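Undergrad: Residue numbers (the numbering used here), protein chains in the order written: chain A, 1 to 487; chain B, 488 to 974; chain C, 975 to 1421; chain D, 1422 to 1868.
For the record, the hints were derived by calculation from the structure and aren't laboratory data.
Errors might be hidden in some of the hints.
Reference listing, derived: stretches of chain D covered by chain B, where coverage requires no fewer than 3 residues with Cβ under 8 Å from a Cβ of chain B [to be verified]:
#, stretch
1, 1474-1488
2, 1547-1561
3, 1581-1587
4, 1710-1716
5, 1796-1803
Pairwise CB distance ranges, derived in the manner of DEER restraints [to be verified]:
#, chain 1, residue 1, chain 2, residue 2, range
6, D, Ala1470, B, Gly506, 50 to 56 Å
7, A, Glu39, C, Ser1034, 36 to 42 Å
8, C, Ala1265, B, Asp680, 54 to 60 Å
9, B, Asp955, D, Ala1470, 49 to 55 Å
10, A, Arg471, C, Ser1034, 52 to 58 Å
11, B, Asp955, C, Ala1026, 49 to 55 Å
12, D, Arg1803, C, Ala1026, 32 to 38 Å
13, C, Ser1034, B, Gly506, 36 to 42 Å
14, B, Tyr899, A, Gln475, 37 to 43 Å
15, B, Gly506, C, Pro1005, 30 to 36 Å
16, A, Arg369, C, Ala1006, 28 to 34 Å
17, B, Asp680, A, Ala483, 50 to 56 Å
From a predicted model like this one, the values you see are computed outputs, not experimental measurements.
The beta carbon of each residue, even a glycine, is placed where N, CA and C say it ideally should be.
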Amino acid sequence: MAEPRRGSFPSIYERSRPGRRAARPPRHDEPDLAALLGEDQLRDDAPRLPEVSELDLVRHFTQLAHRQFSIDGNVYPLGSCTMKYNPKVHEDAARLFQDLHPYQAPETAQGTLQLLFELQRDLGALTGMDAVSLQPAAGAHGELTGILMIRAYHEARGEGEQRKVVIVPDGAHGTNPATASMAGYSVVEVESDARGEVDLEAFRRALGPEVAAVMLTNPNTVGVFESRILEIAGLAHEAGAQLYYDGANLNAIVGRVRPGDMGFDVVHLNLHKTFTTPHGGGGPGTGPIGVKAHLADFLPVPLVVRQDGGYGLSEDLPHSIGRMRSFYGNVGNLVRAYAYIRTLGLEGLRRVSGHAVLNANYLRVKMQRAGFRIPYQRLNMHEFVAQPPEGVHTLDVAKALLDYGMHPMTVYFPLTVKEAMMVEPTETESLETLDAYAEALGEVLERAAAEPGFLAGAPYDTPVRRLDEVRAARQPVLRFPFADEAG
Amino acid sequence: MAEPRRGSFPSIYERSRPGRRAARPPRHDEPDLAALLGEDQLRDDAPRLPEVSELDLVRHFTQLAHRQFSIDGNVYPLGSCTMKYNPKVHEDAARLFQDLHPYQAPETAQGTLQLLFELQRDLGALTGMDAVSLQPAAGAHGELTGILMIRAYHEARGEGEQRKVVIVPDGAHGTNPATASMAGYSVVEVESDARGEVDLEAFRRALGPEVAAVMLTNPNTVGVFESRILEIAGLAHEAGAQLYYDGANLNAIVGRVRPGDMGFDVVHLNLHKTFTTPHGGGGPGTGPIGVKAHLADFLPVPLVVRQDGGYGLSEDLPHSIGRMRSFYGNVGNLVRAYAYIRTLGLEGLRRVSGHAVLNANYLRVKMQRAGFRIPYQRLNMHEFVAQPPEGVHTLDVAKALLDYGMHPMTVYFPLTVKEAMMVEPTETESLETLDAYAEALGEVLERAAAEPGFLAGAPYDTPVRRLDEVRAARQPVLRFPFADEAG
Amino acid sequence: MPYLPHSPDDVRRALETIGVDSIDALFDELPASLRNPDIELPPAMDETALMAHLRALAASDVTGGPTFLGGGMRRHFIPAVTPHLALQSEFVTAYTPYQPEVAQGVLQATFEFQTMMAELTGLDVANASMYDGATAVAEAALLAVRHTRRDAVLVSRGVHPETRAVLATYLRAQGIAIQTVDLQDGRTPVPAGPDGAACVIAQQPNHLGSLEDMATLGEAAHEGGGLLVAVVDPLSLAVLKPPGAYGADVAVGDGQTLGNPTFFGGPSFGFMVVRQELLRQLPGRLVGQTADVEGRRAYVLTLQAREQHIRRGKAKSNICSNHQLTALMATVNMAALGPQGLREMAAGSVRQAHRLADRLRAEGARLALDAPFFNEFTLSTRQPGSVVRSALAARGVHAGVPVGSEYGLGHAVLLAATELVTERDMDALLGALRAGGELEAAEVRHG
Amino acid sequence: MPYLPHSPDDVRRALETIGVDSIDALFDELPASLRNPDIELPPAMDETALMAHLRALAASDVTGGPTFLGGGMRRHFIPAVTPHLALQSEFVTAYTPYQPEVAQGVLQATFEFQTMMAELTGLDVANASMYDGATAVAEAALLAVRHTRRDAVLVSRGVHPETRAVLATYLRAQGIAIQTVDLQDGRTPVPAGPDGAACVIAQQPNHLGSLEDMATLGEAAHEGGGLLVAVVDPLSLAVLKPPGAYGADVAVGDGQTLGNPTFFGGPSFGFMVVRQELLRQLPGRLVGQTADVEGRRAYVLTLQAREQHIRRGKAKSNICSNHQLTALMATVNMAALGPQGLREMAAGSVRQAHRLADRLRAEGARLALDAPFFNEFTLSTRQPGSVVRSALAARGVHAGVPVGSEYGLGHAVLLAATELVTERDMDALLGALRAGGELEAAEVRHG
Ligand SMILES: Cc1ncc(COP(=O)(O)O)c(C=O)c1O
Ligand SMILES: Cc1ncc(COP(=O)(O)O)c(C=O)c1O
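Start from the sequences, fold in the hints, and give me the full structure.
TA: Spelled out as structure tokens, the structure:
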């Protein structure tokens, strides 16, 4: 008899009973909808939404929360994701601004506008860029914004037809090539060299008059700083290409070196990484972009500007690429990022990158001692790539780790490294936590050696165990199968 | 090899490292404390408080929260405890009042004072009492307040010396006799009859000129309504005793019959039961008391009163027993109770008691069908007493239930029933939850029969399993054993 | 330093383990010439100073008071239980659920979200969310382009102007033409020659508040061999015909009205729901149901071959992070309200909007359009919309989203009402309009 | 109906199962004559109306602005992280941890609380909390009476007047005499003949803010064969000598200053810490460490034979529910601040209080006492304290707890300062005092 608690967890629809409800909006006399809206505009039967009591609702989502790993509950060193601590005070800070409506008269939103204006300024200062837009709703959205601006720039210079290619390293995050194609460009990937950096020769070969942009992450996705970045920038610019900085890894260098100074023309930042806005299980994020002066005319509208003694929103930017979203940005998250910058200041942010890199190198050494392979034998930045010993699969190690209450690193990314494990502990983890993580990993390897098959069975102690992902894809069930349907 | 996650959970002191901290108060120049306060007033070395980073702090208390059952996560039918749903909106409501200081000028606290005044009024109306004090901090505190008032009343009538005894039923909650002795009275217990009610004959015998008060809970602690309450009240009053109503079980009758109408002279209410203020793992509660007019002069001070057009606090009550606590009461909880009453109104509160009693009787039938014995074969009120079949121990059943993610009922109370299981589902549980509870209990009995020893080993799937409680009492370890101490 | 655990000893210990003698030494590969620039940032503040500063900023915003603002976001009832449950830290601080064994919380909630959105729209498959309504519309147009292999789309001017602006930005890069269909009497006429168009995009209710004849637009689109993309306010679907019922192939929109605060415009979330046949073209994440090795039902991200991290340059979209948490707010909120509560909100807002219109007419105000409207309508004004809005704001009423000149209605503003609007709120609005000289007739009457 | 799950069908199903035909039938045993009285209650409100009503009430309170209120509660720094962690719903909605296997959260947190309180006070055993400081003092007196088998206690007038009032209420019933020791120059003199007294009760810092010579009082008490009960502000112990170090046998007090909002007086929590020898006399709950059957460390309620549910009439106290959650707030808060943060708060409040005193003196104000004080002191005023307080309130400053006539200081108020008080707050207070004519000298100077 299996442990009863271990059965299938109920769906909210299975908790549903006709006539129940948790919440009640204000009452009004029932209007004659048919008369007001027209009979044919009305739906015939109500949507099947759950009908649950308030307590059953609370139980459902409280228990679901217990079936979820999170930074607050678990170490979570996902490479490239910067799962650092999300300060609680930011949650209180954000709520101060939640009741503003995007269309209320600007003179009644001066506080929020000032905050946004100052954040534009501070992000510009931190990245070495001349102008900033806070609009993009995520990193990938920032990428698209930036590449579209580059496109507009080339078009304005009459090179729109000529430049059709975007260069990305083979280790680039998937959003980079995807963004390029979405912007109407074709993608050329350049391989990286033995030290994990862009292969300069290959890069030279790839460059040419047809290249519109080069997208780089620095430090790159294997956690290595592109040491020849100035040379790369020089070559790109000679070829008339614009250099794009994917800011997902800014946490490694924030306050210490600026993309703008490295020669980048455009940068996007993932405020949900370096600047601590919560990931929320997959968003909302924010991907502000900063650009050099020669691209400022192409920024999306509106921009937050100083206006007759106060602050306002300006649409007056003739060469703008236009709008990238409705309204002005994910203000709730922008407030959190603003609070973070104001809390740490420059000195603090420098220490952030310093300790982020310190922790990553510390854990690299610990993992190597625990028996993991390190493909790039050098100091890394805020993250590093490792591999399990021959014959052990990264996936199995990841699953075994779950039984320790520890979240695995990013696995099988970048694609350039076999069985890649990409580890980014961030600066907010204590050394004891990193020691425990390395120790658990070592234990997993020992166990793998001692008990063949054990790893393949892991995890054993999680709310559910390994899933049949093939079935999920072969016979997709993408919504609750109501009794009256072929489930 | 035990599951790693299953090891001992760290103490906050084990997470502590010198020099770490999570929070920073505002900075000020370091004062010369020796000069200002005197060298001999200062402590030599700092208290050993934990030193942890903010993230480690968050992990600690988030993980501890996951090691805790609660109403929000688990069905929790503790008899006599009324573990009903605690509305979330009350949490928001309470915070609106958290910044008031008890000594701010009353004219700057009119909103809060009005709320308290209206709550006094509404609790009086609901209990049928003439005057109410919101001061007591818990049920037991309300009991003490009430009994001290009764004492003052007898003294005022010159019967202070004569009346030295308080009568409580043998099934009374422990706080009743404990309160009586704290108030300087000796306690006489009267047994209950076969139907679970006070044995009228025994009661008659116990009554006499030395009796100061009779403390009753109605419905009583076995969930039975004292059907002869009017007769009991008559007898008590004839004997010159005052009748005290322990309001812990008001949830059974709220809105349907009032203690005041039944003849009670004093009542305390557990707002953390009937009126949904959270139990908080054991408080803070609130135990307001209501009294009939003849006792009003003895109420504790201060009272919230109407005062020149507004509201104020009055200490002007010559015969008051004095203060029962500092300030005015647990205002944070009083706001929640106020919100609850305003949300439900009389109609709603009647339905609360109706459905509370409905659910309790429903579950009683289900549990009887599942094989449990019901000592009192009659309709019960909001709770009922059951017993496991011969040979099965209540404790074992309770522990086995934990593996289902369900909290046991109150066990081994009242002391008048062997292997007592006192079950109070409350009105906020759905029938499906009660069905599942009864089903789990049935399964436990089957398993007990099928696998001797299984129950004794339960629970199996909890953060920790059965504890060595004897050791805890024999060699008490009541604070963290620091390394340098004989731990 | 806030949030950083390491004591000097910790740093020393870590450096020894690594074998370098300073933190700066870890950055030797950074171009020396560029290292540690002095960057101008305001000085650090402690928590007390920070919150005081932010409260001061918030205090120079004006919130609360009667509000009739709409135009894409509206203040609706959000029960206290919604944020309490959706903002539990396990949800807030989780990453994308790439390890399903320990992410069933987010995965199941998302699966339930997909179910509810499919139910509301009457279509088959909802994704896990998009950034917002406008980007969802742009992605829908690209989906239609991929599906039909056509390079033009038709969009009604009734679609929110900002949405159309985003659409233009997205489509220009891929050389896709956009033809805009003007409104007649505030509604979208059957478009001339949708032939060649990958889709017809129309909004219900439209930007001016009017109800469109979506069924007819759908027929036109389908006859032309294109798709109908319906841009909808999900809350309205508690009473309005679901897109699936009038032949829409794709339903998209912004989810703010389902349970998120307006937050000066974001974050809310976008949603996209499609017919089964379009599944493989659907951008964004999808959660599917499966079982674990012990046969327990479980949920997992599925059909990821559509996404950038697998398909890279060939992905259906570059979207990675979506808007999970705000979608979770909507999920909890819909479950809290149920079909009845959602219906009461929708019907209540219709009721209040029409009540307001009646009261305005009674005071001599003129509605710019006669078309039936839902919970928002267009009021003709004497002064330009932004002037009217400021005048009302000065009197403590948030109302009057200016209507663009593209609609040829002269001076006009949008007025929205929700179930939260009270009779006294309407009094305040009318009073402010009167005082602002916008209710001439009334002036006389009350003069 | 809010919070009630049952649909009419559910009710029917339940009634059938029970075998009665109506809910009312379940109440047949209630006296018919008394059933369903009509009770006057205000009509029910929905959530929106409720919150609007409560916000309106809260709006007619005045909060925020400079505050110098003390007298037992003070506004101190509480980092945001404290309530976020302490008020997780698993803690908020749990009952007393009677089933330890599923209550390790509350149990371990309480064990850690006991440890921290023992550390702060320098004594051996802390209980899990009491209702508040005043009831804790009364319980401490009863403990001393039980331990010494004596029937009188000595209490300094420096103990908070409300605390002494509660003490009187509690002790009268048990016929225990209370002798009150008057202050000399604001401090407690060595009491004459403590012989026969079960304990000497003194407060540090005392109600007027002055620092007592606790060691000497302790010697006197012990010479007389009684105990020393020290009533302390736990926050002050971050810098002040712990009771254990000056011979106190029992330390009690109110925990509000450790991390709870003032909430118009409650809930906060009381604490009691005693020497090992007094353990068996300790009232209230205790959490002890033990192990489970697999040898894992675990925590459990222990030594319950002292408590009412076991010992009933013979229990050490009738306390059952204590103040667990507010004690948890303090536990999280102390762990968040650590020894350093707590010290900075205590020292910062001392610093600001003395700075304020200096500024007042410089403006010609007169302190009523010369005794050294901690973070609160007594200011002589021209008008009665309550008049001064109202005058200050009218000028937006919360300050001026009236000092009772029992102290023979004429008109006077208590002024407290904490680390949250700024120089500008002091400006505001001085300005208000000046405007109120309380700073004569200043009046002159400023004309
Ligand atoms: C290197 C890199 N670039 C881009 C992205 C995309 O950011 P977002 O998920 O916010 O769209 C990520 C996110 O994981 C990333 O790691
Ligand atoms: C019948 C009864 N009386 C009194 C009490 C004591 O109430 P409190 O714990 O609030 O002091 C309780 C609490 O369980 C109770 O059930």
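Undergrad: Now look at each hint and say whether the structure bears it out.
TA: Hints and how they fare:
1. Beta-carbon proximity to chain B at under 8 Å applies to 13 residues in the stretch 1474-1488 of chain D; the threshold of 3 is reached and the given coverage holds.
2. Using a Cβ-Cβ cut-off of 8 Å, 8 residues of the stretch 1547-1561 of chain D lie near chain B, which meets the minimum of three, so the contact claim holds.
3. Residues of the stretch 1581-1587 of chain D with a Cβ under 8 Å from some Cβ of chain B number 5, which satisfies the need for three, so the listed coverage holds.
4. Counting residues of the stretch 1710-1716 of chain D whose CB lies closer than 8 Å to any CB of chain B gives 6, so the stated coverage by that chain holds, three being the minimum.
5. A count of 0 residues in the stretch 1796-1803 of chain D with a Cβ less than 8 Å from any Cβ of chain B is obtained; the coverage claim is therefore unmet, three being the minimum.
6. Under the hint 50 to 56 Å, the C-beta atoms of Ala1470(D) and Gly506(B), about 52 Å apart, fit the expected range.
7. In this structure the hint that Glu39(A) and Ser1034(C) lie 36 to 42 Å apart at CB is violated, the actual value being about 49 Å.
8. Remark: the range hint 54 to 60 Å for Ala1265(C) to Asp680(B) is upheld by a beta-carbon distance near 56 Å.
9. One distance hint, 49 to 55 Å for the beta-carbon pair Asp955(B) and Ala1470(D), holds here, with the actual separation near 54 Å.
10. Roughly 56 Å separates the CB atoms of Arg471(A) and Ser1034(C), a value that falls within the hinted 52 to 58 Å.
11. At about 51 Å, the beta-carbon gap between Asp955(B) and Ala1026(C) stays in the expected band of 49 to 55 Å.
12. A beta carbon spacing of about 33 Å between Arg1803(D) and Ala1026(C) agrees with the range 32 to 38 Å that was offered as a hint.
13. Ser1034(C) and Gly506(B) have their C-beta atoms about 39 Å apart, which keeps the hinted 36 to 42 Å range intact.
14. Taken as a hint, the range 37 to 43 Å is violated for the pair Tyr899(B) and Gln475(A), whose Cβ atoms sit roughly 52 Å apart.
15. For the pair Gly506(B) and Pro1005(C), the beta carbons lie near 34 Å from each other, so the given range of 30 to 36 Å is met.
16. Evaluation of the 28 to 34 Å hint for Arg369(A) and Ala1006(C) yields a pass: the beta carbon distance comes to about 32 Å.
17. Between Asp680(B) and Ala483(A) the C-beta distance comes to about 51 Å, which sits within the given range of 50 to 56 Å.
Violated hints for the displayed structure, listed by number in ascending order: 5, 7, 14.
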